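Given the structure of chain A, go ahead and fit chain B onto it with the hints provided.
Here the protein sequences line up with chains A and B, keeping their order.
Residue numbering for the first sequence follows our numbering, starting at 1 and increasing by one per position.
Residue numbering for the second sequence follows our numbering, starting at 1001 and increasing by one per position.
Just so you know, the hints here were simulated from the structure itself, not pulled from any lab data.
These figures come from a predicted structure and were not determined experimentally.
Be aware that one or more of the hints could be misleading.
In silico EDC-like cross-links for lysine to aspartate or glutamate, where the CA-CA straight-line distance does not exceed 20 Å [as the list claims (entries may be wrong)]:
id: 1; chain 1: A; residue 1: 129; chain 2: A; residue 2: 77
id: 2; chain 1: A; residue 1: 91; chain 2: B; residue 2: 1173
id: 3; chain 1: A; residue 1: 266; chain 2: A; residue 2: 227
id: 4; chain 1: B; residue 1: 1176; chain 2: A; residue 2: 226
id: 5; chain 1: A; residue 1: 107; chain 2: B; residue 2: 1180
id: 6; chain 1: A; residue 1: 107; chain 2: B; residue 2: 1179
id: 7; chain 1: A; residue 1: 91; chain 2: B; residue 2: 1180
id: 8; chain 1: A; residue 1: 276; chain 2: A; residue 2: 243
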Amino acid sequence: MGTSTAIRVENLSKTFDTAAVLHDLSLDVRAGELLALLGPSGSGKTTLLRIIAGLDFPDRGRIIFGSDDATQLPVQERAVGFVFQHYALFKHMSVAENIAYGLNARKRSERPAKAEIKRRVGDLLDLIKLSGFADRYPSQLSGGQRQRIALARALAVEPRVLLLDEPFGALDAQVRKDLRRWLREIHDRTGQTTIFVTHDQDEALELSDRVAVLSKGRLEQIGTPDEVQENPVSSTVLKFLGDTIEVEAIVQGGEVRVNGRLTPVKAPNGLVGPVKLYARPWQLQFAEPDQAHLEGSVRSSYRSQGRQRIEVDRPEGKTVVVEASDSGRVAAGRHVGLKIIGGYVFKD
Amino acid sequence: MAEPPLRPRRRFRQPSVIPGFGLTFGYTLTCLGVIVLLPLAALVARASGLGLSGIWDVATDPRVASALRVSFGVSLLAALTASVFGFLVAWVLTRYRFPGQKIVDAVVDLPFALPTAVAGIALASLYAPNGLVGEQLAKIGIEAAYTPVGIYIAMVFIGLPFAVRTVQPLIVEIDKEIEEASATLGAGRWHTLVRVVLPPLIPAVLTGFALAFARGVGEYGSIIFIAGNLPYVSEIAPLLIVIKLSEFDYGGACAIATIMLGISFVTLLAINLIQAWSRRRFGYV
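Next up, chain A with everything else stripped away, as it sits in the complex:
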């Protein structure tokens, strides 16, 4: 994988009606990488993708492809492949006609010969493992098959960058999983620079080389899945990447205390006074009351695949989720102590 920059997004701002959706957002996309734009709905991730594609235009800022300023370039000339959540296939065209559409739409002088188009369509059908489906119509295919056709259609024009907007959002869980793995394979084989939008953190972490976490129109953090998980820069990123529990804590001399008891969590330099401590469900352990940071009574528990998740009601009224390896059912109503064995502290 190269490390040169394929797309540079510079100081992008965009306002719809009166609501700002992107605030001065900058981002570099490396050539050949699979980048996930992760964020809750309303974070501006789809708008960012559409601006890169040329389907929307920014109020301020620039989009640079390689070394060319593409900000004012119409969508037709950007050479991007765009895959929509709801496929957007041409219903009146066969699968082969759909895939060949972008090639057939070219000017006569740039259009490949008929035989060449046919060969390319055949190759792409092989790639998406739908070789026998050339003459079917989209209405005769399942959701997963349609999305693969949509991907082949986008790849057919040999785009500079492949953009996918919640590509698996409309599919059921099993198909989703298969398609994820398959998209990763295709990416590894073609080395195509790819950006995909998702609100599903598992999808982003599993699939991508790097994850860009967006919130309220700003870029919170960008990094490899390991980096953003191990060193989240803000509570927003942390909360968005998975379940967390949140407790009040005090920092004194670099040590973090909860309810007066020392925790193993290290506070970053410069942080003192009252803070929030965030822990993942597996960063809590059951403990004797004299070692516990928190206490509460078990509300319910469920067991799945060798793990168990237990909901504990704390006296202040908050419920925390503890995840541990399965060691037999925990009775509801039992009073338990909880020890914090890891976590992150932030001012908010």
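Coordinates of chain B only, in the frame set by chain A:
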């Protein structure tokens, strides 16, 4: 008691959770029979009194033949025109926002609601040689009123709402993402329009065409004022039927009516078949 063997039975009625099939189906057949088929059957029965050769004689009568040619020929042309302009009107009304849109949208339906005689008088006074538009047209050598051109104008007028209202709902449903997908694949606006947006609309355009055509063939009131009704030139078949009736030639009137019925049926059937084909090919609606 031995259980009867289970065997699949061919049934006219498919099992369904929606109740009342028997009742509604019977009601539908009765209505269709009494309201539509019975009068038509009476018409054909009356005409058949003349015998096949009698009907043939009527059909080949030069005045009748020319009236039929005018009626069907001009209807086809007018339906074609109404389809094209109706499509444009529907397109503009659904794809763009502009002040007064609701009013324009309501105006489209006026030809539906207007008594045909009112429309006829209005058109006749407008297109007469001393009328507002007729005067201008006369200057460039076009006689609108009292010629087939007048018939054509009246038929376009009454056919337009059909063409607009049949395509409008489909234009509303055009998926914006389909057009965006086409654009990202490098297609220009024109290519997108011709290859992606328009093909799925063809079945609806054909429906509008068929309705406008049928309405044109059957139209009487709005045409006779503007047509001038010159035998062999601007006389329409429905008028000829009225003339035959006023001469107490009921057999002749029924014969012309039966011939019109036959031609209309064949034409509409043909349009329906094209439509079914294009629906399979382009729409899946």
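A quick look at each hint next to the structure:
1. A:129 to A:77: Distance of about 29 Å is beyond 20 Å: violated.
2. A:91 to B:1173: holds (13 Å)
3. A:266 to A:227: holds (17 Å)
4. B:1176 to A:226: Judged against 20 Å, a Cα distance of about 38 Å means the pair is violated.
5. A:107 to B:1180: Holds, because 19 Å separates the two Cα atoms, which is no more than 20 Å.
6. A:107 to B:1179: With Cα atoms ~19 Å apart, residue 107 of chain A and residue 1179 of chain B stay inside 20 Å; holds.
7. A:91 to B:1180: Within the cut-off at roughly 15 Å; holds.
8. A:276 to A:243: With a Cα-Cα distance of about 15 Å, the restraint between residue 276 of chain A and residue 243 of chain A holds, given a limit of 20 Å.
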